[in-house]
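*Asks:* Just so you know, the sequences run in chain order A and B. Residue numbering for the first sequence follows this note's numbering, beginning at 7 and increasing consecutively. Residue numbering for the second sequence follows this note's numbering, beginning at 7 and increasing consecutively.
Because the hints were derived from the structure by calculation, they are not lab data. As the structure is a computational prediction, the values presented were derived from the model and not from experiment. Be aware that one or more of the hints could be misleading.
Note: identical chains are not told apart, hence a pair may lie in one copy or across any two.
[Unchecked claim] Pairs of lysine-lysine residues, derived as DSBU-like cross-links and limited to a Cα-Cα distance of at most 30 Å, are as follows:
#1 LYS639 with LYS440
#2 LYS661 with LYS111
#3 LYS536 with LYS495
#4 LYS88 with LYS233
#5 LYS88 with LYS552
#6 LYS229 with LYS495
#7 LYS88 with LYS238
#8 LYS196 with LYS238
#9 LYS639 with LYS686
#10 LYS536 with LYS639
#11 LYS378 with LYS615
Protein chains: 2
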Amino acid sequence: MKMKQRMLLYMSLAALIPSVSFKATPAELQAPDLYLMPMPKTITFDTGRLVIDDNFKAVLAIGEDSRLPASIVRFHQRLQMKTGIPLNFASSPDIKQAMLEIQCKGPGERVQSAAADESYSLEVTDRNARLIAASPIGVFRGLETFLQLVVSDDRSFYVPSLRIEDEPRFLWRGLLVDVSRHWEPVEVIKRILDGMATVKMNVFHWHLSDDQGFRVESRVFPKLHIKGSDGKYYRQSEIKDVIAYARARGIRVIPEFDMPGHTTAWLAAYPELASAPGPYQIERRSWGVFDPCMDPTKNIVYFFLDSFIGEMAVLFPDEYFHIGGDEVTGKQWDASARIRNFKVREKMKNNRDLQTYFNRQLLKILKKHGKKMIGWDEILHPDLRKDVIVQSWRRQASLAEGAHLGIKGILSFGYYLDHMRPASFHYQIDPLGKEAANLTEQEQERILGGEACMWAEFVNPEIIESRLWPRTAAIAERLWSPFSMQDTKDMYRRLEYMDIELDLFGAMHRKNSDRMLHRMAGGADFEVMKNFTDLLKATGYSTRRKARQYYSLTPLNRLADAIMPESETALRFEILVDDALSNQFLSAELIQQIQERLAGWQNMNDTLKPVIARSYLLEEAKPLSELVVDLSKTGLEALNYIKARQKAPEAWQKKALDLLDGADKPQAEVLVAIGPSVRKLVGFAADIR
Amino acid sequence: MKMKQRMLLYMSLAALIPSVSFKATPAELQAPDLYLMPMPKTITFDTGRLVIDDNFKAVLAIGEDSRLPASIVRFHQRLQMKTGIPLNFASSPDIKQAMLEIQCKGPGERVQSAAADESYSLEVTDRNARLIAASPIGVFRGLETFLQLVVSDDRSFYVPSLRIEDEPRFLWRGLLVDVSRHWEPVEVIKRILDGMATVKMNVFHWHLSDDQGFRVESRVFPKLHIKGSDGKYYRQSEIKDVIAYARARGIRVIPEFDMPGHTTAWLAAYPELASAPGPYQIERRSWGVFDPCMDPTKNIVYFFLDSFIGEMAVLFPDEYFHIGGDEVTGKQWDASARIRNFKVREKMKNNRDLQTYFNRQLLKILKKHGKKMIGWDEILHPDLRKDVIVQSWRRQASLAEGAHLGIKGILSFGYYLDHMRPASFHYQIDPLGKEAANLTEQEQERILGGEACMWAEFVNPEIIESRLWPRTAAIAERLWSPFSMQDTKDMYRRLEYMDIELDLFGAMHRKNSDRMLHRMAGGADFEVMKNFTDLLKATGYSTRRKARQYYSLTPLNRLADAIMPESETALRFEILVDDALSNQFLSAELIQQIQERLAGWQNMNDTLKPVIARSYLLEEAKPLSELVVDLSKTGLEALNYIKARQKAPEAWQKKALDLLDGADKPQAEVLVAIGPSVRKLVGFAADIR
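Just chain A, with the same shape it has in the complex:
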């Protein structure tokens, strides 16, 4: 026991994963300050390090898959980006020169399936390293781990000596990207795939059609993209390019064509598919749920879908095909005498039965074209039980219930990135949460994993990456790493590093956010802006939708769009406040640090005011800047009571709490992020006896 405590002193990692162990005695160990994310299943540390210098070379010793050589070139390129050291990897590989030897024991699948083996083992000594995997996908995952292991200290870039055995906890670790509400060009999609590969995600769920746009070139029904996209669609050559790009990184691409609802853009092109007479137009007025809907009673709809799905089934090789199926209002169905009669004739009790009828026809079409069906919660019906995967946006409990009934599912509840929840919120959402505790092992296996969802009402090519990264890395870890990974503080420590790592490898979330702030500040002092906006955090879909009427073409160029979903500065401040208040022996040094920060924020307004005054885009920031001052002032007052060990007067408390309650409400669709920490100071000052 004493031994174990000593180990914890040396290795904060030991607190995190039961399976971290040490080959050497703790006294010999240095503490490698690792930033792995997602954390591997087991790590055994040894003493020593593998130095990364210009002699480094990774060589494929065993492996046939054509993706492997390209992945190794890419690995070298990214290692160059990470270290700035030019690596000579163009010349012919000689296994004797290998500092990292790669063995891929088995073949790759022609089309990557959900059952792909992603496991790998990685052994690093002070002389060389060896990566062994059963499949190319395992090699890709292991190379990402190796890249993350590369750190530097006062001596060199290096990888610590260790042994890793790793495999994912869930086989389905996806990211949905909605390109209908706002369009994303191929270069952005590729950058997103790069980020997904970095955090070992394996399903790119491409939400390609919705009321606001149909985004794929159809050669069979060209009006779909011509009339349904305002020119913003992917050519089939581009789709193939993206799929190849994803496949090279061990990522499946699953298309979603949402139906029978969310189909206004289809109906703008082919109104004859609708349940009510047209004409229809691409939905440009607002976001939400609309009534236009395909007519499940018309044979022409199924003829159409047979041809369309036949075309798309070839274009998208994945075994799964997502048919959406969510949020059918049923109003068009109720309004149509013909459809009402059909329901009576077919003895359907309700619109749910009618939608299931539609889905059964779809299922037949999908089967004909060799595809399996996946859809949102709403497709769930006893008739479809065995044949579908349900993607749950509702509750974890429904996923568990489904699994109990024999239905496969993936979780998206709790993973909606557009809700702008903090990474810590997503991190605690588990597909096998307490709702699944009573399931048998077999039933649990039906819960395949989860998908983060990037709905696009409030993102565009400039904004999407700051809504994805780094938070998605926390979800990726939840889906890959052992359940026992639950230390939020350590997750944030690593997430901060991943944020920089993703930027280093090309993600644009940081640059684009700065760019937008520059635009708002005009020629004015950027540092002043940045110090202010670092204290803010963005709000999510529901807040923004209530705040004002948004149209497809509403400019997303305001503070609410430019700032990050979480404030690193506020997070660090919260840790400082927690540390300072963690016991009654208040550290004078920590109190001093809190005081300095609050004083700095209180004084910020003098330099900020003229910057705000110059920009019409910043006008709405004025109350926020004043709130920062007020909160800082209140925090300083609380600190004075705390330092004097004097209970804060009731009247002051009331005033402070009123301010804090007000600060919990968004202004200009933005929140000041230091509120909760100031509340802790106020609470502490109130509790002094």
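Chain A is already provided as a structure; the job is to place chain B on it using the hints.
*Replies:* Frame of chain A, contents of chain B only:
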């Protein structure tokens, strides 16, 4: 006179260009805080503004060239990037909706020539704007001006009402990019072309071969790129793509194949062309001037060059072809009995005559393939006088002398970006400087313009943009704008904005510099690093080459590579010090500001030390960080003497000057940029009576 003073109060612009004028009376004028670069030839301001909102639309009213519609789409996209306002430019253009009407009065050239008409006029009222140009190139230039005119204030994005008549002072405004010493991929080249278009440059001089690499696919002589490039070469399809990209932006592409010297990479592939027996290898040991050289006495050399230039003449459509011709050591020629005999036989006095003989043969080959010759100073010889353009890296005087003798020339002396001189240095170098004062108008016209040169010993894809931008914009202005533009302070004011503008439009100089600093800091606090490195400036080729032995594969991942050529922070500090010391009535407020900054820098080391200690890449920064402390301390001491109006003691002066002299010498190939300002403070303190 009084009137004029009032105007100056309103319009700092008025100080800059004689041709700025006002339609309205000064009292009616607001001061539009414009950031144009290069500054147009004439601007007439009126009251009013054209608001830029989502109604904005540019429409081509007159113009046939196929590049025009694409340039207008690109203009809209970039206006979106600048404002964040989605513009509806996909739908069919209706001239009635035009907020900016574009008239292109004449056709474009099939291949853009040096004589292309780049003039345009732009009129902006509070209702709409009109851009009129004689050619598509003029439209491209005018659209860039319009984009730069877009600013925001507390009311909106807008363009002030005005009338601009503009045309370039010089017809040749180029940028040389060396891709031999270090390779640059196509995406980087395209970003560079975007930047060039932003600042209205019109010649991309592509230095494609040198001792360190031959970078073009040759189908006639494939060993050139196979043996001469380590796999880092442009496929012909990529060359065509780059030329089309440049042409779409009004930029000519001139290839340079340097010969007969600087040809080691050719000779590695075809040693039979050399003046001494091979074998040869791509030069990987160091930078500089090497002896391997083509043999001008062998017929096979001219057969080879005839075929090769024939191939390249088709690939590169520009009328000019750059044959280099610089830095032939002649050692191989002197060492060869056969070549010595040839010279005797042909009555050649020296190697210069032999090189001219070579150039005459080259000239015949170029003429045969429809090309005009351009080369470096060394090709100049009475025999070639009328037929060539000389690019002068030597002195402005030689350019003037040449012009007097009838030779056309362009200036590169003073425009070497790899020397890391400040923008202000380049800004004062003029192709028609005082050396040209005595030339006739006709003689002056032979001086066609200039080219900035980005030699690539110390740049790679990650570094090149921070060496190009924003400094190249100052050279671009020198070559475009009236000679009367000489206000360095105002140039810097606008350059700071261009820096951000270039970043906004996609240049990576800022992001890559930050990325490199992040890499060096590891997981450590970036802000601390940044505050420190903002005080430093990079050194140039000669300093670095002396400092250590560099190889092609030497990592460029150190402080000297990551930091900028100029320190904005130091520039601002210098302005502050100049203002404070500008008269004997020292402003207490300014003195206070100086004191605060110096005190901050003096204290920086405490937080910086642990960051430096953690990173082997930062070890060499330690003396620099100590120098910052010492300089700040000395500055504060000087300030105390100044505040007390007490002459600084001799002993203190001597110590301070020793420190400052030391600070003028680079450490770790880096300079602390605040030295000159501290020297001013010390000098002021020493001069108190």
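*Asks:* All the hints need checking, so say for each whether the structure fits it.
*Replies:* How the hints compare with the structure:
Proximity of LYS639 and LYS440 under a CA criterion of 30 Å is satisfied in neither setting, with 42 Å inside one chain copy and 62 Å between copies. For a Cα distance limit of 30 Å, the shortest separation of LYS661 from LYS111 qualifies neither inside one copy, at 68 Å, nor across copies, at 69 Å. In this assembly of identical chains, the alpha carbons of LYS536 and LYS495 lie at most 30 Å apart whether taken from the same copy (25 Å) or from different copies (26 Å). Only between protomers do LYS88 and LYS233 lie at most 30 Å apart by alpha-carbon distance; the minimum there is 29 Å, versus 45 Å within a single protomer.
For a Cα distance limit of 30 Å, the shortest separation of LYS88 from LYS552 across copies, 28 Å, qualifies, whereas the shortest one inside one copy, 43 Å, does not. For the homomeric pair LYS229 and LYS495, neither the shortest alpha-carbon distance inside one copy (52 Å) nor that between copies (57 Å) is at most 30 Å. With identical chains, the CA atoms of LYS88 and LYS238 are at most 30 Å apart between copies only, with a shortest distance of 21 Å across copies and 35 Å within one. In this assembly of identical chains, the alpha carbons of LYS196 and LYS238 lie at most 30 Å apart whether taken from the same copy (17 Å) or from different copies (23 Å).
Within a single copy, LYS639 and LYS686 get their C-alpha atoms as close as 14 Å, which meets the 30 Å cut-off; across copies the closest is 40 Å, which misses it. For a Cα distance limit of 30 Å, the shortest separation of LYS536 from LYS639 qualifies both inside one copy, at 20 Å, and across copies, at 29 Å. Taking the shortest alpha-carbon separations for LYS378 and LYS615, neither the intra-copy value of 58 Å nor the inter-copy value of 59 Å comes in at or below 30 Å.
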